[in-house]
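Visitor: Here are the chains, one letter per residue:
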Amino acid sequence: MSKRIDVENLNVYYGDFLAVEDVNMTIDARSVTAFIGPSGCGKSTFLRTLNRMHEVIDGAYAKGKVLLDGEDLYGRGVDPVKVRSQIGMVFQRPNPFPTMSIRENVLAGVKLNNRKISKSDADELVESSLRGANLWNEVKDRLDKPGSGLSGGQQQRLCIARSIAVKPDVILMDEPCSALDPISTLAVEDLINELKEEYTVVIVTHNMQQAARVSDKTAFFNIAGTGKPGKLIEYAPTQEIFNNPKEKATEDYVSGRFG
Amino acid sequence: MSISSDAPTGPSSPKSSRKELPDVGNPAADKIFSGISLAAGILILVVLAAVAIFLVAQALPVFTADSEDLSQGSFLKYIYPLVIGTLIASAIALLLATPVGIGVALYISHYAPKKISQAVGYVIDLLAAIPSVIFGAWGASVLAPKIVPFYDWLATYFGFIPIFEGPASQTGKTILTAGIVLGIMILPIITAMCREIFVQTPLLQQEAALGLGATRWEMIRMTVFPFARTGIVSSVMLALGRALGETMAVTLVLASGPLTASLIKSGNQTFASEIALNFPEAYGIRMSELIAAGLVLFVITLVVNVIARMITSRYKEFSGAN
Amino acid sequence: MSSSTAVTSRLTSGQAPKWLVPAIGLGAVVLGAALSALIGFSIGTWAIFAGLLFVIVAPLVVSMIEGRRKGADSFVRFLVYGAFIVALIPLVSVIWVVLSKGIPGLSMNLLSTSMRGVTGVHDNAAAEGAGPIYGGIYHAIIGTLEITLLATLISVPIGLLTSIYLVEYAKNGPLGKAITFFVDVMTGIPSIVAGLFAASFFALTTGDPSERTGLVAAVALSVLMIPTVVRNAEEMLRIVPNELREASYALGVRKWRTIVKVVIPTAISGIASGVTLAIARVIGETAPILVTAGFVTSINWNAFSGWMATLPTYIYYQIMTPTSPTAASISETRAWAAALVLIIIVMLLNLIARAIAKFFAPKTGR
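Chains as they are written, first to last, in UniProt numbering: chain A, 1 to 259; chain B, 1 to 322; chain C, 1 to 366.
Here are the computed lysine-lysine pairs in the DSBU-like style, where the Cα-Cα straight-line distance is at most 35 Å:
#, chain 1, residue 1, chain 2, residue 2
1, C, Lys171, B, Lys31
2, C, Lys358, A, Lys119
3, B, Lys146, C, Lys101
4, A, Lys228, A, Lys65
5, C, Lys177, B, Lys31
6, A, Lys196, A, Lys231
Simulated from the structure, these hints should not be mistaken for laboratory data.
Modelling step: build the complete structure from the supplied sequences, incorporating the hints.
Guide: Structure (structure tokens):
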């Protein structure tokens with residue numbers, strides 16, 4: 001279920017503006033990869049190009065290759081919707097569908113696509129997804145209550161369960177804990193550790209301790225100044241990035257001297 | 001809904017054992033849906049163009065017709081009393097409704113206790129919801145007879161002013177009564193828009209003014225009015241647009257007739273009322289004449305509304321609201 | 001606030017005593033009655049004189065005691081309160097008149113019969129007390145409901161789809177801007193002009209210059225209804241958080257399914273209440289019906305052929321051309337009863353709209 005991602009010469013544009021310049025990297029399967037860097041360095045933008053979610057933003061487009069186990073996501077005739085069904089995404093702020101119950105939220109990927117599913121299969125999928133998101137025990141008695149009635153951390157795990165339920169190969173997380181309190185953050189971080197058993201996880205975070213805690217490899221992005229494109233500065237195992245980075249900029253950033 | 005994973009997925013050949021991709025539906029469906037919604041949008045433009053084109057097409061015979069077929073000999077002669085009558089009625093309505101409307105809006109936004117202001121908001125919505133024919137009937141059978149003594153009084157003491165020249169109408173069905181009813185009808189428009197803008201006045205500015213020892217009125221004059229000025233103007237313009245085209249209040253309330261300067265005698269006529277009164281029995285050139293009158297009304301309201309919108313949009317840019 | 005107590009501090013000194021303004025009010029009422037009696041007493045003149053006296057005298061007194069600034073402040077305050085009272089008068093009067101004149105005419109007979117066969121003879125008899133009031137509004141209710149329903153069926157799909165185009169597809173393109181602008185323009189079309197448009201459209205397309213049916217009226221009402229629906233639905237779709245759309249896309253859901261199954265359900269309560277309000281607005285339209293649907297006194301179920309009556313045109317014709325010119329009061333009774341029914345329908349629609357907005361809003365929890 002887990003797949004590797006190879007990025008080759010990827011440039012991301014907003015209209016005429018080059019937002020991210022020439023990224024090359026390989027993201028391993030069954031691992032957690034963290035993107036860190038100062039605000040506006042293009043790490044979230046880059047993350048979105050990994051499942052073509054950037055195309056939702058007006059005027060944004062990418063040039064280059066993103067290979068999912070060798071298949072180019074930007075090849076001719078590739079349907080972005082299919083890409084997203086294989087590469088899921090969890091957002092900064094928990095966003096359960098307010099019109100749906102917890103159960104319906106988990107089944108959203110199936111139901112919104114009009115796929116037929118038997119009740120027993122659905123029950124099974126709901127339970128396995130919620131268990132996968134460490135949420136089952138907390139919500140099993142109120143599956144028919146609205147998802148928006150949960151706490152922030154529970155909502156975020158519900159969103160993760162919702163992503164798991166479509167059985168993706170990769171899960172992208174865009175600062176998934178930035179709107180959560182410390183205890184909820186811990187729960188989500190624990191979950192990320194478990195998720196890498198089955199999925200390739202890529203996480204953007206502002207919190208360097210979080211990157212250090214959860215990720216196997218870390219990529220540091222930086223920006224030279226306003227109006228300049230963001231660049232991948234260094235990409236290495238997390239231990240290395242935090243303990244003996246090769247680049248001066250990385251060292252300054254992780255030691256808190258800037259950013 | 002049946003196309004599954006056999007869609008092309010790019011040049012790189014499938015090398016691993018590919019799992020069955022979930023069915024996400026046909027990409028063409030997106031195109032169809034966006035096409036339909038685009039078509040609906042364009043249809044609106046078409047309808048508006050059609051309104052103009054069909055009215056022009058039906059009105060055209062007026063300009064080529066023999067003068068003896070026209071009700072007043074020439075279209076211009078026919079149209080100008082209507083323009084003046086419509087403007088008089090609308091002006092009366094605005095004169096009455098603007099101060100009261102702004103006052104009520106201020107009452108809701110800055111004077112009334114919160115609970116009462118909400119209730120007043122409902123009441124104003126209620127006023128807006130009453131069908132115009134009911135206002136018309138009320139104006140004709142309640143207001144008009146009651147207001148006769150007032151008109152007599154005006155004619156007696158102010159008759160030297162041309163607009164109050166007597167003898168006053170003894171049915172009360174005059175252009176002034178029609179203007180009053182129109183004013184009541186456009187009051188909710190002005191109130192609702194002004195209220196919305198008044199409550200958007202930055203609280204910090206208001207508190208700063210009060211903190212400097214300003215009375216409530218001084219605070220309103222210094223912060224609320226400057227902030228809301230353009231909004232008030234555009235609400236008045238929109239209300240004017242509504243007053244110009246309102247039909248029933250005038251048709252039922254006004255005993256129409258030729259143009260007169262006096263507001264308290266029967267006489268005068270507005271576009272909308274002229275059309276509503278005569279169209280059901282009209283045919284041939286007379287019908288074209290009425291449609292041409294409608295066209296003129298359309299153009300006048302269009303101009304008024306476009307001006308109002310332009311003011312509002314400029315205002316939005318300045319205030320950064322929205 | 002009061003300085004009438006023995007304690008005088010700098011903060012409370014120089015203020016008018018609390019009882020002063022009410023006292024002036026009382027004085028104004030008494031004096032107003034006296035003045036109005038001079039020119040022939042009536043409640044109207046009494047109220048006007050009392051109000052004027054109060055609004056002028058009270059601020060003058062306040063400004064003498066507390067200074068000009070306070071005087072101006074209280075003058076404006078009384079004006080604002082006055083404006084509110086003045087605005088209430090017509091509303092209360094209209095509702096009172098509709099109730100008091102409408103209720104006597106309301107009967108099962110009124111609701112269940114048309115005006116077919118009712119002539120001046122019947123009305124003259126009724127006016128002399130020699131017979132019951134014949135005739136009713138059954139045909140007009142049918143016409144109102146059918147025409148409004150047709151107009152809704154035309155306007156809601158067009159309006160909703162247009163708002164979807166504007167919010168979800170148009171971005172900031174010139175076409176989107178043009179549509180927004182012209183929808184605004186359409187909002188200002190006088191209702192009689194909408195009626196003329198529908199009439200001339202059908203006149204030219206059917207070749208019959210006086211083609212008048214329920215359908216023509218429904219088209220006229222749609223011209224009035226579409227912009228209201230578009231503007232409201234647009235507003236409602238715009239407040240659906242973008243995050244929900246993104247969540248759906250990220251699950252591999254197509255844009256159109258996202259719109260239909262996520263965006264619209266989230267906004268549905270607002271859209272539905274907006275549509276209900278739009279219906280409430282057009283259901284009372286009279287002028288466009290006059291020029292498009294004609295008028296009949298008997299039942300016509302077919303909106304696609306033949307003339308139709310609606311409640312507003314029924315009211316209009318009963319007042320303008322009474323069935324019996326010598327016993328107009330009978331027609332007026334029927335008109336007010338019809339007005340009462342119409343106002344009840346409109347108010348019900350408004351209440352329904354509020355209820356929809358309140359009870360079916362998505363529960364956001366937090």
